[in-house]
Structures are given as structure tokens and as C-alpha cells.
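With the hints as extra help, turn the sequences into a complete structure.
One-letter residues, chain by chain:
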Amino acid sequence: MIGKGIAKGMVETARNLVGSYHESERMVTVEYPEQKIPAKESARNFPFLVYDGDDWQTGLRCVSCQICEKECPPQCIYIEKDTEKKPDFLGKPQFQPKIFDIDVSVCMGCQICVEVCPFESIRMDREFEYAGTDRFNDMLFTKENLAKSNSYYHQIHPTEATETDGIREDKRQAHLLKERAKAEKLAKAKKEAMEKKAGASSTD
Amino acid sequence: MWFEELLISIKASMVLLAPEMVRPLVSALLSSMPILMSFGGLFAMVTLLERKMLGRIQNRLGPNRVGPFGLFQPVADGIKMLTKEDIVPHSADHLIHFLAPLILLVSAMLGLSVIPFGQKLVAVELEAGILFFFAVGGAAELAVFMAGWSSRNKYALLGALRAIAQMISYEIPLILSSIGVLMAAGSLSLVEVVQAQAGGMHAWYIWTPWGFLGCILFLIATLAEVNRSPFDIPEAESELIAGHMTEYSGFKYAVFFLAEFVAMFAMCALTATLFLGGYHAPLPILSFIPGPFWLFLKLILLVLLFIWIRGTMPRLRADQLMEFAWKFMLPMSMANLVATGLWIALDGGVLGWILSAILNGAAYFGWSHLLSRASGVKPRVYQYADDPQTHA
Amino acid sequence: MNLLLTIIALITLASAVAAICLRNLVHCVLCLTLSFAGIALTYLELSAEFVGFAQVMVYIGAVTILVLFALLMTRGGKELHLRSWNPGHWLTGLGAGLGTLGVLLVGIFHSKLREVTPLDTKDESVHALGNSLLDTYVLPMEALAVLLTVALIGAALLAMPERSRPGQTFRKVSSTKEGPVKD
Chain V
1 MIGKGIAKGM VETARNLVGS YHESERMVTV EYPEQKIPAK ESARNFPFLV YDGDDWQTGL
61 RCVSCQICEK ECPPQCIYIE KDTEKKPDFL GKPQFQPKIF DIDVSVCMGC QICVEVCPFE
121 SIRMDREFEY AGTDRFNDML FTKENLAKSN SYYHQIHPTE ATETDGIRED KRQAHLLKER
181 AKAEKLAKAK KEAMEKKAGA SSTD
Chain Z
1 MWFEELLISI KASMVLLAPE MVRPLVSALL SSMPILMSFG GLFAMVTLLE RKMLGRIQNR
61 LGPNRVGPFG LFQPVADGIK MLTKEDIVPH SADHLIHFLA PLILLVSAML GLSVIPFGQK
121 LVAVELEAGI LFFFAVGGAA ELAVFMAGWS SRNKYALLGA LRAIAQMISY EIPLILSSIG
181 VLMAAGSLSL VEVVQAQAGG MHAWYIWTPW GFLGCILFLI ATLAEVNRSP FDIPEAESEL
241 IAGHMTEYSG FKYAVFFLAE FVAMFAMCAL TATLFLGGYH APLPILSFIP GPFWLFLKLI
301 LLVLLFIWIR GTMPRLRADQ LMEFAWKFML PMSMANLVAT GLWIALDGGV LGWILSAILN
361 GAAYFGWSHL LSRASGVKPR VYQYADDPQT HA
Chain C
1 MNLLLTIIAL ITLASAVAAI CLRNLVHCVL CLTLSFAGIA LTYLELSAEF VGFAQVMVYI
61 GAVTILVLFA LLMTRGGKEL HLRSWNPGHW LTGLGAGLGT LGVLLVGIFH SKLREVTPLD
121 TKDESVHALG NSLLDTYVLP MEALAVLLTV ALIGAALLAM PERSRPGQTF RKVSSTKEGP
181 VKD
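Residue numbers (my numbering), protein chains in the order written: chain V, 1 to 204; chain Z, 1 to 392; chain C, 1 to 183.
Because the hints were derived from the structure by calculation, they are not lab data. Treat the hints with caution; some may be incorrect.
Taking lysine-lysine and the BS3-like style, the derived pairs with C-alpha atoms no more than 30 Å apart in a straight line are [stated by the list, open to error]: (1) Lys8(V) to Lys120(Z); (2) Lys80(Z) to Lys4(V); (3) Lys185(V) to Lys92(V); (4) Lys154(Z) to Lys80(Z); (5) Lys52(Z) to Lys8(V); (6) Lys8(V) to Lys378(Z).
Since the structure is predicted, the reported quantities are computational estimates derived from the model, not experimental observations.
Have a look at this one:
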């Protein structure tokens, strides 16, 4: 019979219409600027640069290897190397970026830069309220805007940040082990040389 | 009555202020001003109401940012519309492109001029009022075509062709379903049609079997005639951007929008006049409240029904639309005419009521059964999704 | 001479001439519509409400739209470029026009309607028309109704999708029927 389905649908929408006034669980939306849904841990949109410690300039993990710049599909990253080096978390002297710009109006949030970064330096942020009045200056983030502390990273993506810290801890351990082995080897060689010297002098 | 007397005396005294030469002109202007103003204001209110109600149907709040409860949203929309750049395509036919929205608005507004808002409140009292209404409605088709053709845009032209095909097809059931009322009232004049329904709710034509079916058919045809959902295929935004309005922007677009809503109000007012007793109060004791109030109340209730339907139903496909018009609406309205004739022949007595109810019911159930058998459409079979029956 | 009638007549004639002379076919049709509207206005001015509204409904609402549809389905409203000047065509047209005018003039001047005084009670015109249609002229009206019904059925028959008969191998192309929908 024609019209039965229509009547059914009309009843359903009428129930929605009336129910929305007294059943608060029906309302699926929130009043956005005043109310916010807590962000999910896996939420991401634009990349940021992680730094260790308190000072972003000395603690910046980026060594300006420019891999992310080359891999970025929409080419929204621009990096210039500084001539001066600074020690990284292992104490090794490394390059640092003089300029690190991301045009977030171009960025598509693909996370490829994060995947390719060998220094755990670039990670995804979840901040999204970037509305500005100037398309060029407000949307071009320099390294000052991009640098965010490791504790912030822990705050937004705890699991991932702990994982990253583990990787870095492993690296440090490996480095220490290597250093120790190197030192031992050096000490051994020294000792041998000393012994050789002593032997040679005794045989003399 | 006092309200109408007041309005009429105000108008008469204002006309007397004018010099003798221009008095007919001033009188016509004063008669049309209330219509223009009240329906312009109603348009603003209904745009907000529609968005609010659709929001609630979809369990949202709807616009609530501008002013308390979003009440000033129409103002913001208006400012936005009027300050936008008015773009005319380079290869468009400029004159026709400019004229189309005006003709559409004028044809929609003219329809309102024959609607009786009260016993003496008719802008133009015509002997063939309803004929006038449908005649100026015909100009809307022309305006839509002009808009679509002059834009030099394929979407616009397609939308216009769809709109015209739809309007022509649905004009037939629209007029046929209103003929029953004219037969019963014995006049083409809307004033007389309303007067035939005086004396309370029981005298309204919707309580007769033919009036009930006629009212439903008329409302469906009205939906199609004013391009409202589910018959909004001429401007189907997912297929045709905005149909014939694609190349319009700024003020002209606003005029199109206004014309569409005014046409809807005019159609609703006509429905109220034909089937729901026009300006008459539902109960004789309530008749101290002025007539325009009742007509506007009925009009707004019908508009709410339209919004409710829009929130419920998906858009029809073009061939489904045509099939519905020619295979269902037309036979039903013809059967309804026969039922009306039967009712009138038996002087509207109990026997006439029962016989026409039986005729209409048989026509509806029989024809819809035949149609659904012939169309071969069976309930949906879900191959991969769960059977919805098991959840019920 | 009535001033309003003169203005209406001028508009009607001007748009009729424009409908013949304009290059763009859609413009021609729109001008034709304007001249139809002028004729409708003439009827209204002569207090023939019913005829005037019927004129608007039938000619503006239906005939023009039909012409426009036919135009768009065939030529697409392209501009016409008639360069060849053919005096024979012009003479034929002129002759046909003058002949028609002569016949009409003779008809008008010999008509009894010229002596009929105009109706003062214009409120009765629709009622009188309706009564005479269903009383005196009921047979012609029924015949017209049958004719229109036949035309309607014929149009529906023409528009029906062709059924494939046994022996024919072509597949049905335009089918509006749906089988059970499978998702």
C-alpha cells in the first residue's frame, strides 16, 4: 500500500523532534567553542618539533637532516641548516636547523615526516584551532611555534611518547655500551702497549 | 469583525489624504503593502523555523549563535545575502538573467492577492479568483526557464527543464483536486468558497471524504509545484548544484529564495482557503479573534507540515516523480472528482458521505495495490547487511 | 479610443513583430509570450475574466512551455542566420497575411456581435459562461473532452517503452521498472 512507509518515517522524525527537547541523551552534538569533546589519544593533524629539557633551543631534537623535507608529499616543510653544531642528547655534536618552516595551510597531515624521522624529532600534534586572518603569515609556522616540550608530547600522546622515550633510552644505552666498549678497548690497547713497552724495556 | 473594520477605516482615511487623481493608485498600494510586508516578515521567520526544526529532527540544536536562541539569524543571513557580489556570467543573456527572479517573485506575490484574509480583506476580489491564482502560477514556469536558459550553464538548464516538466505534470492533479471544492461551493471565487465553509470546523471541506483525499492530493501536488523536498529534484544540490539558481548570487539569489518561500505561503494559504475554512475560526465562539489570525495560523501549521516532510523524506528520482504524478496522482484525483459528484448529487447527506468514502477508499486501496503489484518492486533484500526484521 | 487598450495593443503588436524579427529563437518565443500576455490583458480589459485567465493559463502556462521544450530538444536555441533574400517567400507571406486580414475584416464587419451592447453586470460572466457550457453547448464541449482524452492516451502510447515481442532480439533500453534491489 502506498503511503505506509511514509507514515512510519513521519512518526520517527516526529519522535526525534519532540524527544530532542526533553531527552538530553538524544542530542549528539556539543556547543563547540564553549564545550569540547575530549580529544582522543590517536587524534592528530599537524606536525610539531619535540625538544628535551626546558630550553627549546638547546633541547631541540632536530638535526636538520632534511629527510622530512624531501619526503613531504605536498612539500610544506622548508629547512635550512645552521653552520654551528650543538651537542645532541648523546653528547655528540650535530647540525641544527637555522630555519624550520611548515606551511600548515598546505600540510595534509599524512604523518609521513613522522614515519621517516630517524631522530624522533618530528611528531604529530592535535591542536586544530589555528584560524587566522592572514593566509601567508598566520599559517606559516616557524621553529619557534613548532617547538614543543617532551612533556607536552607525553600529555597528548602518552603511549606513543613512552614508546619514543624507550627508543631513545635504547639508543642511549647502546651508545653508552659502545662508548664503554670503546673505552675498554682503548684502555686495553693502552695497557697492552704499556705492557709491551714494559716487556720491551725488561728484555732490554 | 472589529479588526477588519478598523483596517478598512484606516485605509479609507489614508486614501482620503491623497489628491483625487492618484486615489485608485494609493488604494491599490495600501491594499498590497500589508501583504508584501507580512509575507516578507514571515519569510524571514520561516527560514529560521525551518533550520531549527530540521535541526531538531536530526537531533541537533539548529542555529543558535546570533541573538537569543539564534533569533537574529535571518538578519545575519539577509546582510550576508545583500552584501555579496552580484555576479552575472560573461556569456549570459543579461536582460533575461535579470528579469527571471523578478518575474518569479511577482508571480508568487500575485497569487496572494486573491486570497481572502478576512470577510472583507481581499486585495483583489475576482470572480474567477482561483483561476487567476493558477494562471499567474503558470508564469513561474516561464521564469524558471528564463533563469535556467539565460545562465548559459548546463546545470542551470537541466534544472530548469526538470522544474518545468515537474511543474507541468503536477499542475494537472493540483487543479483537478481543487475542482472538487469548486463544485461543492459552486463558484470559482475564493471569497465564496470560504463563505461556503462558514459556521465552525464541521463545515470545512476536509471533513468530507472527497475533501480529505483532495486535500492530501493538493498538498502533495503543492510540494511538487513549489519544488519542496521530496520533490526538490530541479535544484537537487547533490546533482545540479542549485538547478536554475546556479549562476545567481547575492541579491538575485535572495529574490529567488524569497519567491520560492512566498510561492509556498501562497499555496499553503490556498490550501487553507479551499479545505480548511480559510479565515474562519474552528469554533464559532472563537470568532471574536480576527480572521487573518486564523488564516495565518493554518498557513503556518501547513508550512510546519512541509518542513516535517522535508525532514523525513529523501529526494525522488526524476522518473519516480513522473510515474507518481501520472500513475497515482492523476487517477486518484479523477476518482476523487467522481466521489465529489456523488456527494453533491446526494446533497451532502449521510448516504452521500458514506458512498463517496467507500468510492475513495476503494480507489485508493485498489489502485495502490494494483500499482505496487504492477511495478514489481518488492521489499528490499539485504544480501550482506543484517536483516532489519531481526532487530525489531 | 481607450488609452489603456491602445497601449496594450501597441505592446502586443510590437512583441509580435519582435517575435518574427529577432535572431535568437528563445527571444522570439519570449516575445511571443509577451504578445500572448497582451492579448490576455485585452480580454481582461474587456471584462472577460474567464477568457483572459484561460488565455494566460493555456498560452503562457502551456503552449509557450511546449514551444520552448520543442526548441531546446531540437535546435538548442542557436541563433538563426538567414542570409538569403528570397522575394518569392516575401510575396507569398505578404499575400497570405493580407488574405487572412481580409477574411477577418469581412468576418468582423459582417458579424452580429458588433451591434451587441457590452454587458454591464460583469459579475455574472463566469456563471453565465459555465451555465451555457453545460447547457446549450454541452455536446461540443463533450466532443472536445473526448478529443483531448484521445490525444492524451495517444501521447501516453507514444511515450510508452517498446515491449520486446517474441522474435525480436533487441534489448529493452529504457526501462523504468525495478527488480528486487540488492545491496
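Status of each hint after checking the structure:
At roughly 42 Å between alpha-carbon atoms, Lys8(V) and Lys120(Z) are farther apart than 30 Å, so this suggested pair is violated. Under the criterion of a C-alpha separation no larger than 30 Å, the hint pairing Lys80(Z) with Lys4(V) is inconsistent with the structure, at around 42 Å. Our distance criterion of 30 Å between C-alpha atoms is met by Lys185(V) and Lys92(V), whose separation comes to about 20 Å. For a cut-off of 30 Å, the pair hint linking Lys154(Z) to Lys80(Z) stands: about 27 Å separates their Cα positions.
The suggested pairing of Lys52(Z) with Lys8(V) holds, with an alpha-carbon distance near 22 Å, which does not exceed 30 Å. Only pairs whose Cα atoms come within 30 Å are accepted, and Lys8(V) paired with Lys378(Z) is accepted, the gap being roughly 18 Å.
The structure shown violates the earlier hints numbered 1 and 2.
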